[in-house]
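Asks: The chain contents come next:
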Amino acid sequence: MTQMKPQIPDVTNPLVLGIETSCDETGVGIVRGRTLLANTVSSSMDEHVRFGGVIPEIASRAHLEAFVPTLQQALETAGVTLEEVDAIAVTAGPGLAGALMVGVSAAKALALATGKPLYAINHLVAHVSVGLLERDGSDVAAELITDDGDLVPGLGAVLVSGGHTEILRVGDLADDVQLLGATIDDAAGEAYDKVARLLELSYPGGPAIDHAARGGDPAAFKFPRGLSNAKYMGTVESPGKHRYDFSFSGLKTAVARVVEAYEAAGETVPVAEIAASFQESVVDVITRKAVLAATENNITTLLLGGGVAANSRLRELLAERCAAHGIRLVVPPLSLCTDNGAMVAALGARLVSRGVGASSLEFTADPGLPVTAVSVP
Amino acid sequence: MLLLCLDSSAAASVAVVDTTEQQPQILARWETQDTRSHAEVLTPAVEQVMAEAWVTAQELNGVLVGTGPGPFTGLRAGLATARTLGFAWGLPVHGMCSLDAVANDVAALPDSERPTEFVVATDARRREVYSAVYRTERDGGEAIHAVLVSGPSVGPAAELPDLPAYGRGAGLYAQDLPQAVLMPVPGAVQENAPTEWQPNAASLGLAAAGVVNSGGELSTKTSPLYLRESDAKVPGPRKKATA
Numbered sequence: 001m002t003q004m005k006p007q008i009p010d011v012t013n014p015l016v017l018g019i020e021t022s023c024d025e026t027g028v029g030i031v032r033g034r035t036l037l038a039n040t041v042s043s044s045m046d047e048h049v050r051f052g053g054v055i056p057e058i059a060s061r062a063h064l065e066a067f068v069p070t071l072q073q074a075l076e077t078a079g080v081t082l083e084e085v086d087a088i089a090v091t092a093g094p095g096l097a098g099a100l101m102v103g104v105s106a107a108k109a110l111a112l113a114t115g116k117p118l119y120a121i122n123h124l125v126a127h128v129s130v131g132l133l134e135r136d137g138s139d140v141a142a143e144l145i146t147d148d149g150d151l152v153p154g155l156g157a158v159l160v161s162g163g164h165t166e167i168l169r170v171g172d173l174a175d176d177v178q179l180l181g182a183t184i185d186d187a188a189g190e191a192y193d194k195v196a197r198l199l200e201l202s203y204p205g206g207p208a209i210d211h212a213a214r215g216g217d218p219a220a221f222k223f224p225r226g227l228s229n230a231k232y233m234g235t236v237e238s239p240g241k242h243r244y245d246f247s248f249s250g251l252k253t254a255v256a257r258v259v260e261a262y263e264a265a266g267e268t269v270p271v272a273e274i275a276a277s278f279q280e281s282v283v284d285v286i287t288r289k290a291v292l293a294a295t296e297n298n299i300t301t302l303l304l305g306g307g308v309a310a311n312s313r314l315r316e317l318l319a320e321r322c323a324a325h326g327i328r329l330v331v332p333p334l335s336l337c338t339d340n341g342a343m344v345a346a347l348g349a350r351l352v353s354r355g356v357g358a359s360s361l362e363f364t365a366d367p368g369l370p371v372t373a374v375s376v377p
Numbered sequence: 001m002l003l004l005c006l007d008s009s010a011a012a013s014v015a016v017v018d019t020t021e022q023q024p025q026i027l028a029r030w031e032t033q034d035t036r037s038h039a040e041v042l043t044p045a046v047e048q049v050m051a052e053a054w055v056t057a058q059e060l061n062g063v064l065v066g067t068g069p070g071p072f073t074g075l076r077a078g079l080a081t082a083r084t085l086g087f088a089w090g091l092p093v094h095g096m097c098s099l100d101a102v103a104n105d106v107a108a109l110p111d112s113e114r115p116t117e118f119v120v121a122t123d124a125r126r127r128e129v130y131s132a133v134y135r136t137e138r139d140g141g142e143a144i145h146a147v148l149v150s151g152p153s154v155g156p157a158a159e160l161p162d163l164p165a166y167g168r169g170a171g172l173y174a175q176d177l178p179q180a181v182l183m184p185v186p187g188a189v190q191e192n193a194p195t196e197w198q199p200n201a202a203s204l205g206l207a208a209a210g211v212v213n214s215g216g217e218l219s220t221k222t223s224p225l226y227l228r229e230s231d232a233k234v235p236g237p238r239k240k241a242t243a
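Protein chains in written order, with the working numbering: chain A, 1 to 377; chain B, 1 to 243.
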């Protein structure tokens, strides 16, 4: 099949529409260069509550029904028409396969129908790109771009959500992103959801545990810090296999054992103490390793992204430890930390401005897309 | 009218069909037997089929999409594609049960081979079939239509009524279906054995032409016919250790 790739728009401030469907949020965002014009999100979270976690099939069904209305609303909010859009960007991965395919199918159709170039982009790199945006004339986070348009040197990111726990080094959003560390089992947000269930708290677990932990003693229980012993950490000269990696499944089991012990003894489970101690374990290991990775990789600005960025203790401890090591911490507004289309549009606009080629209409959604693939050809 | 037709309920297919009353015809068509690449292939296929049919979006009168039943992920790829094309082009999007495509092929069989009542079955995986029962009916003129009697539904092939059975689901469970139509039928629109027939966009477009030309209206409902809930089970109460 012969297929003409649409011309890359020759604009410094391209109008880009971004589509995100990698998990349970249907997002359509619209940006002009770095300016945020619309960020419309429809979430199926309420439908997952009774299951205590995101059910991929339910999320995928919700994406299909939400997509066109979300697109329409984003266009109205931004006050632009499809004809005016210079390029379309869509999350190609990583994410839930069935969920990704709804957005990818729709994005391809939109690109064909409008004749606009399509950029299939990486969800994790998009989370970082959101830091580029300006809203109402000021930066949404802090300055991540130098006056000549380059990314600030020494940028890193720690992404913490229900599906991700990663530390990235970002040399260039268009073509130089390195995964320094990641969870080897559960994502941090997933661990929160599972422990919330153990403690009979509500879903999503993040806010529920954050709330329950208030007034609890974070040192009441000594829960394990995953992958933190010498064998996994090694030294700077001879790093262990998991120096910057995370593991939360053992922590979840440790909490379960404590809860069971109280129940077996017929005693009331000390929810606040357990929640605070669990949260301290998660947050301690994330912030410790993020700061370690930053200091050992010349990272001087660290962006926090993902839904767990809403967690009060994570923000507090990360701010404290970054400050102690002279690292500038950047936390975008929460509506831009959780999954959204604006971050996809932001990365798309960056790729357009940098003259990166568009994707073909045949590209495949990739649930395991590595961060080294910022966009898919 | 000119319809861009898509079906992704089994294999993926795209066609441009002219529903004109004198002689409905398929202007261009594309099909794949691959059931696992719908999100990759559908939009490029739309581009190709429209180019082959020498049809632009401005000339189309609507988009028609098979609403299943079919495996969920592939089905959604077709629906997301069709709905988005319709939105972007400002065209109405019509939905039609995908099994109607196979039923239309049965209705188009030569008189001697055409059953009066029959069942269409497609593969629902998990040892089950998606199915619907139709009867053939002559409208005021010469045209023969398939009219839905019951369904669509999902279940084991062994529970289907004892009627001539068409479609790939009938082929997969022919041992349970005494009247599965196993041999190719001369003069049929699909040359392979009727027990291999799959819904396809071209036949769906012709079925839509039948509806329109007999005075009916196409549905603007494009809700997927999942027929099954997601497998997720609401977790029961956690087991508690007791003293």
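Hints listed in this document are in silico derivations from the structure and should not be mistaken for laboratory results. Accuracy of the hints is not assured; some may be wrong.
What the hints assert, rightly or not - In silico contact screen, one side only, chain B against chain A (beta carbon under 7 Å); selected entries: (1) Gln-33; (2) Thr-35; (3) Ala-39; (4) Glu-40; (5) Trp-54; (6) Ala-80; (7) Thr-81; (8) Trp-89; (9) Pro-92; (10) Gly-140; (11) Gly-141; (12) Val-211; (13) Ser-230; (14) Val-234; (15) Pro-235.
Just so it is clear, CB atoms sit at the ideal spot from N, CA and C, and this is done for glycine as well.
Asks: When the nearest CB of chain A is found for Thr-35(B), is that gap smaller than 7 Å?
Replies: At about 13 Å, which exceeds the 7 Å cut-off, the nearest Cβ of chain A leaves the hint on Thr-35(B) violated.
Asks: So, Trp-89(B) near chain A? Judge it on the closest CB pair being under 7 Å.
Replies: holds, 5 Å
Asks: Take the shortest C-beta to C-beta distance between Ala-80(B) and chain A; is it under 7 Å?
Replies: holds, 4 Å
Asks: Using Cβ atoms only, decide whether Gln-33(B) comes closer than 7 Å to chain A, and label the hint accordingly.
Replies: violated, 17 Å
Asks: Tell me if Gly-140(B) is really an interface residue toward chain A, meaning its C-beta lies closer than 7 Å to one of theirs.
Replies: violated, 38 Å
Asks: Would the stated hint for Val-234(B) survive a check requiring a Cβ distance to chain A of less than 7 Å?
Replies: holds, 5 Å
Asks: Mind checking the CB of Ser-230(B) against every CB in chain A and telling me if the closest is under 7 Å?
Replies: Status holds, d = 4 Å.
Asks: Let me know if the C-beta of Pro-92(B) comes in closer than 7 Å to any C-beta of chain A, holds or violated.
Replies: violated, 13 Å
Asks: Verify the interface restraint on Thr-81(B): the C-beta must sit less than 7 Å from at least one C-beta of chain A.
Replies: Holds: closest Cβ of chain A sits about 4 Å from Thr-81(B), inside 7 Å.
Asks: The hint names Ala-39(B) as touching chain A; please verify it with the least Cβ-Cβ distance against 7 Å.
Replies: holds, 4 Å
Asks: Pro-235(B) was flagged as interface toward chain A. Is the shortest Cβ-Cβ separation under 7 Å?
Replies: holds, 6 Å
Asks: Quick one, is the Val-211(B) hint okay against chain A at 7 Å, beta carbons?
Replies: Nearest chain A Cβ about 24 Å off; hint violated.
Going through the hint list in order, the structure does not satisfy hints 1, 2, 5, 9, 10, 11, 12.
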